[in-house]
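Chemist: Note that the protein sequences, when read in sequence, are chains U and A.
This note's numbering puts the last residue of the first sequence at 834; the count rises by one with no breaks.
This note's numbering puts the last residue of the second sequence at 611; the count rises by one with no breaks.
What the hints contain is simulated information worked out from the structure, not anything from laboratory work.
Think of the CB as a built atom: it goes at the ideal place given N, C-alpha and C, for glycine as much as any other residue.
Mixed in with the good hints, there may be bad ones.
Derived DSS-like pairs (lysine-lysine); straight-line CA-CA distance at most 27 Å [unchecked claim]:
#	chain 1	residue 1	chain 2	residue 2
1	U	K336	U	K394
2	A	K416	U	K782
3	A	K119	A	K210
4	U	K678	U	K658
5	U	K782	A	K351
6	U	K677	A	K119
7	U	K720	U	K664
8	U	K761	A	K362
Negatives, chain A to chain U, calculated, CB over 12 Å [said to hold, decoys possible]:
#	residue
9	I57
10	T77
11	K103
12	V166
13	A167
14	R174
15	E209
16	E212
17	Q300
18	E381
19	E404
20	Y412
21	H427
22	L526
23	L581
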Amino acid sequence: MALITANWNPLGEAFYRKTELYVMSWNLRDGLKDCLVAAAPYGGPIALLREPVRRSPSARPQLEIYSASGVVIASFPWKSGPVIQLGWTVSDELLCIQEDGSVLIYDLFGSFKRHFSMGQEVVQSQALEAKVFHSPYGTGVAIVTGSFRFTLATNISDLKLRRLPAVPGLQGLPSCWSVLTQDRQTKVLLVIGMELYILDNTSCTAVCAPGLSPQSGNVVHMCVSFSYKYLALFTDTGHVWMGYSNLQDKLSQADTKVRTPPKQMVWCRRSKSQQPAVVMMWDRLLLVVGQCNDIIQFPLESQCVCVGELDGVRIISATNQELLQEVPLVCQDIFKIASMAPGALLLEAHREYEKSSQKADEYLREIKEQNMLGEAVRQCVEAAGHEYDPNTQKSLLRAASFGKCFLTDFSPEHFVSTCRELRVLNAVRENSVGLPLTHTQFKQITLQVLIDRLVYRQMYQLAIEICRYLKIPDYQGVSRVLKHWAACKVQQKDLSDEAIARAVCLKVGDSPGVSYSHIASKAYECGRTELAIKLLDSEARSGEQVPLLLKMKRSQLALSKAVESGDTDLVYTVVSYLKNEMNRGDFFMTLRNQPVALSLYRQFCKLQEQETLRDLYNQDDDHQELANYYVSASYREKRLDSRLSLLQSAVDEFNKAKNDFAAKATEDEMRLLRFQKKLDDEKGAGLLGMSLQATMETLLVLGLYKQTDQLYRDFKVPDKRYWWLKLKALAEKEEWDELEKFSKSKKSPIGYLAFVEVCMKRNNKYEAKKYVSRVTPEQKVKGHLAISDLEGAADAAIERRNESEITTVMARCSATDRLLMERLHRAKLSIAKK
Amino acid sequence: MACSTSKDSPELPDFSLLKRLARDQLIYLLEQLPGKKDLFIEADLMSPLDRISNVSILKQHDVDKLYKVENKPIFSTSDQLCFLIRPRIQTVKWICDVINADKASGKCRRYKVIFTPQKFYACETIFEEQGVYGDVTMDEWAFYLLPLDNDVISLELPEFFQDNFVAGDQRWVRTAGSALHLLHSIYGPLSKVYGLGKCSKMVYESWREKVEEGDQKAQNSEIGTVFLIDRDVDFVTPLCSQVVYEGLVDDIFRIKCGCVDFGSDGSSDKSVKVMLNAEDKVFNEIRNEHFSNVFGFLSQKARNLQRAYDKRQGMDIQQMKTFVSEELKGLKQEHRLLSLHISASESIMKKKTKQDFQELLKYEHSLLEGFDIRECISFIEEHINSQVSMIESLRLLCLLSLTENGLLQKDYRSFKTQYLQSYGTEHLLTFATLKQMGLLVEQQQGETLTVMENQVGKLVNNKTAGKLTDAFSSLAKKSHFRALSRKLNLVPKSDEDYDLRVPRDMAYIFSGAYVPLSCKLIEQVLERDGWTGLEEVVRLLNGNEFVVTGNNGATKEAQRVILVMFLGGCTFSEISALRFLGRERGYRFIVVTTAITNSSRMLEALLVDHL
């Protein structure tokens, strides 16, 4: 295929090719002359600042942002200070490093995001040069100041400025310098005349490039490879030294025969490169210098910019953009003229097959004889991945598919995934999208990042289609894109809140992993509170709505949402927030409408702020609760007078609550307390705080019968309880005479069985007997049994002719009571007969 | 127990895994504070901790000394203090006091507070207010579930009842949800959910949210069905005197975390602490028995044991050897357990078989049946007058109010006066709480209530009336026990003899007088596979019923394993009833409860505290 190898240039054993990526869509009047250009790797966007060195202080240079294909994304006049360097971060943000050391960050669309400064020192001494670099830690910035000191920030999203130590003897700008990332450390490699120095956090070390003879002259230009592994040095005698950036080994040295330092020098290599090379660019000349000392020359028509990539160099000119790269080995194998590699034969076989020629069979047979058909298919698939032209891709893939038919157990996975990925890559390479990613680069940045990049460019539709096409789980794919889309949508100023909310809800629906509260907070950030509230309505998890609602000062709504969520912690968060934000009255009013929050707060107050509790009830005119509060407060109070006054407050509140019963009970309590106090003072009885019952009990124990009677009358103690009390107390004291007197004072309201039982409890059978005769007939049997008088019980039972009572007595009889048993038995029979 | 098993009950899942998980997590948390440390444990966490770990395990992980968290200065010399506590404001305040005291005396230590089962924001604010937020590191020990037995799991959160049903504080709802989620993630998707009660509904919601947040793996489920029930659906059952052995032991000796202290009765002076669970073979056979059968069973057992011992006579040397090596140990063990339970039963007999207990049961049963209410009222009056017991009197009053749908105004007032005079006026607050709970209320004149209800009904649409409705709903919190009892046939006909040895139905746990409402509801719902046909019952119970049927991944076997979660506690009698139901119907019930409760625990939670 002559066509394909036409742009191949041999360099030692390998070939280098320049593939056109785009005819640039932009229309640059003055080309790239006098421009500060920054193009991000991985097919990133291009930023252009015209005439950075102003002719007059009032001049406003234009800052333009283009996609890699030259489609304009943004353009605006630069109003800030003089810019010395532009650069892109890994997340497609534009860094504009100004002379005064401040770094302004813009997004792809030219809107300002934030800024930071490279340190106080820079403000005075100015930054002379700056470089933007990428490392595993993110995007970094390095500058040299007017006092020739280096300052580094390894990761601008976690800004930590490091001022590197001074370089001894450095009186002007170093002739060239570069940032290295080695051993997880960021260092600066610089050249002063013939000397090389490595500058790290703590020291400045002189180093030398192995095998670089002094005759080669002074180093005037240097470049580090994409991976920071290789270093190239250009001397003023036109020599290029290539080696490892750790300066341990040299790879080669070549003579370019050009004495002027190149405008740009970039490594051009790929993993498994056969022939790594350095690309050097002058105004009208581009040289590719390989390790084998071979040189390829390309004349340039206009000024260009080189962008080092993972697997090549992009060359951007005013009119077009090309990719310069070593031809991958597999492509060489297939396309090299007269190649007999299995892939080449398979491609040929397929071509013949399409022509319906029997030669196809011959080629196929040849591959099969060598048992290489699997290898052939693999080669074709792999080569297709490396080719930029869809037609070439297609013919390779068709050949692979054709070859696959003759294989029985060949895993189609590689083939299928390559087809899919190429389809995606071709789509993003489109002029309108402008992401000229190679397959190798795509594999490196991963699909996730590709989707992110599309999202940064607001190409949501394409991103979603890719997600769907590659069947990425929603959570990582479509939902993520939708999230960004919605966040962007809410910023559209020309649409009404209503329209945006509707559009967002319609698209997002209930996609998993898209949080409406997140979208709403974006809306709030750009000042659209109403929209934010509308969007929050769609948030299913009420808990998620709360923080934003609080932020928007919709505290009432926040509270009800918190309550709805059932998360008491959240409710409490809101409550304590409201407590600080609102005045007390409003706060209580708010709580009043939210019983859940109210009871939560009450619980808290019970333990923390009793006083607040009272205010809370007061506000609600909840007299009943207020009264209860006073009652419980009174029990915490030790001093009698304050206790009484609290109880009086309780009485008042009970009255207001129309709870006359409780009011009366509380009044009684006050009366009792006073009574107790009096007796305590008089007799030292220690009654204070006892219940009425306990008071009476104690009084009885103390023998203060008169006072007991007084209480009995004053508090209208029911006879029954009083009798029980007195009975027990007297028995306890074994005042049997007093007890007998008491029993005869009037007819016992609790009967006399109680007397019997109580006496028996004190094991006084003698006393108990006295009362058995007074027990009512119904309880007579029980009474007799209580004092274990079986005869008496039997008599009573028989007299009452009560069958069940007789049975009860019989149950108590033991074997020795034969006579009694018989009597009972007879009685029972006689009752039964009737 | 002799019963006709219709189907074989399925196997129970292995819950010891829960203990292992909790232990491992605790060890991990302790290791987060490397080096020697003193451990301060919340008093009521001691027993649960004992069940999953022991002192030597703690010592292995650099715990030096163990203390109880108390409201007093500490005397620890360690420079690292670790507190293991419930998320209670009170406890957090005590810890703040400790830290502030250290600061005042210039002592510098590291403090770690481990909240279990979770941390509350309110606790953090206390640390903040007291100015020690920066001095402590906080962690959560997700010790949600403690298996008390092979079919009983407890959250060990007695305050759930009080916080949720008395104070209206829903902070534990999410805890319960998390506990369910834990079971869900270990024992497989719980596909079918029935529930009754407002709290149940919220717990279900919280659990569902957690399930949806996490990734759902397909796995074999060991538990198919879940039944959630609020304690306030049925207050009658826990207020009844328990007469099944395990319940009776709990009523008298208080089983704490599966362990009981039989006290120093009988021969020895030392107190006897015993674990009560299925591993105790003797206990396992009598735990669900009506107490009247227990003695007979035990003496039968004793006779068998004697016979086994007697086998020794007439053995030759060889036989004797085998006997000693194989049987004797088992017999000795059985002997020990047997004598233990016999002495326990004896002391129960002493306390409970006296006339007054029988009489008490008689009146309780009359209340449940609704006969001779006047007599019951005089009995309760007498009960208060003779000052038998503060809690017992209150219990009877509540039972009376619940079964009679409130007390007549005259009775209510007189009871209240009697009670206040006997036990102190502060119980005004206790009565206020009981009224709010609907446990002890005054009967409303029929008309006035309906008028009020109507007015409220009209206002319901109006949002501002929300508060008003709340206020009235407590008034309207009527107990419809009588109607429910009729509808569900809770009180078996009393004219036939009930043989407690061969129970007919779940009523045996209350001597055949009453089928526990909670268990009856579960039985009915399982039988009907939902709430259809129970509309009227549900209405009487204030609604809030629900059924959720998920994708049914559970096997037939697993569907018969039913997890019943009591929110607010359950009694041993209810567990016994469910075990009986399980044997009858071929189900296997797993009871998950926020805590084991009984009448005294429940009422004590409602008593006014002097704090």
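Chemist: None of the hints should be skipped; say for each whether it holds.
Modeler: Each hint, compared with the structure:
Among the hinted pairs, U:K336 with U:K394 is consistent with the structure: their alpha-carbon atoms are about 18 Å apart, no more than 27 Å. A threshold of 27 Å between alpha carbons decides the hint, and for A:K416 with U:K782 the separation of about 31 Å lies outside it, so the pair is violated. Proposed proximity of A:K119 and A:K210 is supported: the alpha carbons are some 17 Å apart, at most 27 Å. Pair hint U:K678 plus U:K658 does not hold up; C-alpha atoms about 31 Å apart against a cutoff of 27 Å.
Straight-line distance between C-alpha atoms of U:K782 and A:K351 comes to about 19 Å, which keeps the hinted pair within the 27 Å bound. Of the supplied pair hints, the one linking U:K677 and A:K119 is violated, its CA atoms being roughly 47 Å apart against a limit of 27 Å. Taken as a hint, the U:K720 and U:K664 pair is honoured in the structure, with Cα atoms around 22 Å apart against an allowance of 27 Å. Simply put, U:K761 and A:K362 have alpha-carbon atoms about 23 Å apart, close enough for the 27 Å limit, and the pair holds.
Against chain U, the non-interface label of A:I57 holds: every CB pair exceeds 12 Å, the least being about 31 Å. With a closest Cβ-Cβ approach of about 31 Å to chain U, A:T77 is found to remain outside the 12 Å limit, as its non-interface label requires. Here A:K103 stays apart from chain U, with its beta-carbon at least about 21 Å from theirs, past the 12 Å limit. Here A:V166 does not stay apart from chain U, with its beta-carbon only about 10 Å from theirs, under the 12 Å limit.
For A:A167, the non-interface assignment is contradicted: its Cβ lies about 5 Å from the closest Cβ of chain U, within the 12 Å cut-off. Not every beta carbon of chain U lies more than 12 Å from that of A:R174, the smallest distance being close to 6 Å; the non-interface claim is violated. In this structure A:E209 is not separated from chain U by more than 12 Å, as the shortest Cβ-Cβ distance comes to only about 7 Å. Not every C-beta of chain U lies more than 12 Å from that of A:E212, the closest at about 10 Å, which undercuts listing it as non-interface.
Distance check on A:Q300: its Cβ is at least 23 Å (rounded) from any Cβ of chain U, clearing the 12 Å threshold; non-interface status holds. A:E381, annotated as away from the interface, has a beta carbon of chain U within 12 Å; the closest lies near 7 Å. Distance to chain U confirms A:E404 as a non-interface residue, since its nearest Cβ pair spans about 20 Å, more than 12 Å. A beta-carbon of chain U is positioned within 12 Å of the beta-carbon of A:Y412; the least distance is around 9 Å.
Once the 12 Å rule is applied to beta carbons, A:H427 is inconsistent with being away from chain U; the minimum gap is 9 Å. Here A:L526 stays apart from chain U, with its beta-carbon at least about 28 Å from theirs, past the 12 Å limit. Interface exclusion of A:L581 from chain U stands, the closest Cβ pair being 32 Å apart, more than 12 Å.
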